[in-house]
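Peer 1: Sequence:
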Amino acid sequence: MAFVTKEKFLSKDWFITYAYILLGSFLFAMGDVLFVNPYKLAPGGVYGIGNFLYHTFGFKISVSVLFMEVPLLIIGTIILGPRFGIKTLISTFLIMGFAYMFETYWWGYEAFLPNDPMLNALVAGIIYGVAIGLIFKSRATSGGSDIISMILNKYTRMSLGKLVIIVDGTITMLTLFMPGENGIDWTLPIYSWLVIFIEGKIIDMVIDGLKVNKTLFIISEKHDEIQEKLLHNIKRGGTMFSAMGMYEGGERKVIYTTITRRESTILLNHIAKIDPKAFVNVLDSSQIHGEGFKAIEPESGH
1 MAFVTKEKFL SKDWFITYAY ILLGSFLFAM GDVLFVNPYK LAPGGVYGIG NFLYHTFGFK
61 ISVSVLFMEV PLLIIGTIIL GPRFGIKTLI STFLIMGFAY MFETYWWGYE AFLPNDPMLN
121 ALVAGIIYGV AIGLIFKSRA TSGGSDIISM ILNKYTRMSL GKLVIIVDGT ITMLTLFMPG
181 ENGIDWTLPI YSWLVIFIEG KIIDMVIDGL KVNKTLFIIS EKHDEIQEKL LHNIKRGGTM
241 FSAMGMYEGG ERKVIYTTIT RRESTILLNH IAKIDPKAFV NVLDSSQIHG EGFKAIEPES
301 GH
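Mind the numbering: the sequence shown is residues 1 to 302 in the UniProt record's numbering, read in order.
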């Protein structure tokens with residue numbers, strides 16, 4: 001672990017980083033105990049297993065998770081090396097602490113949104129997504145099934161993304177064995193998968209934002225007029241470079257620029273009037289760093 005100087009310890013970035021971890025850990029524990037567990041859901045991870053063990057054997061979620069997380073962290077460190085920094089350890093134990101708090105002081109594991117499983121799944125997915133997104137923004141992880149996936153990734157040719165889906169999907173299927181009055185209940189894994197889907201979308205939004213910026217590649221014979229509109233009407237810069245067309249082999253000028261969604265709409269209107277035959281490729285840009293956008297910042301908060 002890197003040595004933390006007093007200046008770094010007291011920096012604004014340090015406080016923001018650990019505020020993300022603290023808030024994310026609190027929300028994750030709240031989402032699990034108040035929204036996921038009362039409806040017998042298990043949207044992957046060791047907390048999904050913890051929910052299964054609670055409803056099957058009556059074990060406390062935080063205690064079950066403790067007996068899973070610690071060995072996983074040790075085994076993961078042995079097999080994968082010291083990938084798990086202090087922030088991951090802090091987030092792991094903070095989530096367990098907050099889960100224990102909610103288990104102990106929230107009356108009888110009662111659902112925060114009773115009698116509405118669909119609304120509950122939607123809210124649970126949002127809370128989980130915000131929580132994990134904040135933890136990821138701090139460059140930490142919540143441990144758990146991610147470690148299992150990384151270990152399997154080392155010994156198989158499968159991608160980490162596929163392994164995460166397989167591991168969490170397998171854990172989700174445990175809900176079919178939850179004790180109930182009517183036997184197997186297929187709504188439990190379905191609602192659990194819904195939580196996972198919403199969670200993934202929200203994580204992307206928290207980390208990448210709402211993708212309000214657009215990157216445009218513009219190829220036109222009237223590139224000078226388009227450049228004029230971009231510089232003087234939109235008041236944005238860009239890069240123009242030469243490229244060769246594959247069909248005729250002729251040289252083409254390509255304008256590359258990144259602007260806001262609103263500015264891209266205005267520029268496209270200008271292009272439509274200047275050169276209706278222009279080729280324009282518009283891409284969503286989730287992270288833009290540099291002059292006129294977000295500053296490039298080094299990793300902080302170790």
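Read the hints as simulated data drawn from the structure, not as lab findings.
Worth double-checking, as some hints may not be accurate.
Claimed, not checked - Below, a list of computed lysine-lysine pairs in the DSBU-like style, where the Cα atoms sit at most 30 angstroms apart:
| no. | residue 1 | residue 2 |
| --- | --- | --- |
| 1 | K222 | K273 |
| 2 | K162 | K201 |
| 3 | K277 | K235 |
| 4 | K201 | K154 |
| 5 | K253 | K273 |
| 6 | K222 | K253 |
| 7 | K154 | K87 |
| 8 | K137 | K201 |
| 9 | K235 | K222 |
| 10 | K60 | K87 |
| 11 | K253 | K87 |
| 12 | K273 | K229 |
| 13 | K222 | K277 |
| 14 | K253 | K277 |
| 15 | K229 | K277 |
| 16 | K222 | K162 |
| 17 | K154 | K137 |
| 18 | K162 | K12 |
| 19 | K253 | K229 |
| 20 | K162 | K137 |
| 21 | K201 | K235 |
| 22 | K87 | K137 |
| 23 | K12 | K87 |
| 24 | K201 | K222 |
| 25 | K154 | K12 |
None of these values were measured; they are calculated from a predicted model.
Peer 1: For each hint, tell me whether it holds in the structure or not.
Peer 2: These are the hints, each one checked on the structure:
Under the criterion of a C-alpha separation no larger than 30 angstroms, the hint pairing K222 with K273 is consistent with the structure, at around 11 angstroms. A C-alpha spacing of about 17 angstroms is found between K162 and K201, which places the hinted pair at or below 30 angstroms, so the restraint holds. About 24 angstroms separates the Cα atoms of K277 and K235, which keeps this hinted pair within 30 angstroms; it holds. Of the supplied pair hints, the one linking K201 and K154 holds, its CA atoms being roughly 27 angstroms apart against a limit of 30 angstroms.
Between K253 and K273 the alpha-carbon distance is near 19 angstroms, which keeps this suggested pair within the 30 angstroms criterion. Taking the CA atoms of K222 and K253, the gap is about 9 angstroms. The hint holds against a cut of 30 angstroms. Distance check on the hinted pair: K154 and K87 sit about 23 angstroms apart at the alpha-carbon level, within 30 angstroms; holds. For the hint pairing K137 with K201, the CA-to-CA distance comes to about 15 angstroms; that is within 30 angstroms, so the pair holds.
Between the alpha carbons of K235 and K222 the distance comes to roughly 19 angstroms, so the proposed pair stays at or under 30 angstroms and holds. Annotation: proposed proximity of K60 to K87 holds, straight-line Cα distance about 25 angstroms (limit 30 angstroms). Restraint check for K253 and K87: not satisfied, since their Cα atoms lie roughly 47 angstroms apart, outside the 30 angstroms limit. Taken as a hint, the K273 and K229 pair is honoured in the structure, with Cα atoms around 11 angstroms apart against an allowance of 30 angstroms.
Taking the CA atoms of K222 and K277, the gap is near 10 angstroms; set against the 30 angstroms cutoff, the hint holds. For a cut-off of 30 angstroms, the pair hint linking K253 to K277 stands: about 14 angstroms separates their Cα positions. Taking the CA atoms of K229 and K277, the gap is near 17 angstroms; set against the 30 angstroms cutoff, the hint holds. The straight-line distance between the Cα atoms of K222 and K162 is roughly 46 angstroms, outside the 30 angstroms bound, and the hint therefore fails.
Of the supplied pair hints, the one linking K154 and K137 holds, its CA atoms being roughly 25 angstroms apart against a limit of 30 angstroms. Taking the CA atoms of K162 and K12, the gap is about 37 angstroms. The hint is violated against a cut of 30 angstroms. As the CA atoms of K253 and K229 are separated by approximately 16 angstroms, the hinted pair is consistent with the 30 angstroms bound. For the hint linking K162 to K137, the alpha-carbon distance of about 22 angstroms falls within 30 angstroms, and the restraint holds.
Between K201 and K235, the direct Cα distance comes to roughly 33 angstroms. Violation of the 30 angstroms bound is thereby established for this hinted pair. Restraint check for K87 and K137: satisfied, since their Cα atoms lie roughly 11 angstroms apart, inside the 30 angstroms limit. With a C-alpha separation of about 16 angstroms, the suggested pairing of K12 with K87 holds against the 30 angstroms cut-off. Under the criterion of a C-alpha separation no larger than 30 angstroms, the hint pairing K201 with K222 is inconsistent with the structure, at around 40 angstroms.
For the proposed pair K154 and K12, the alpha carbon gap of about 37 angstroms is over 30 angstroms, so the pair is violated.
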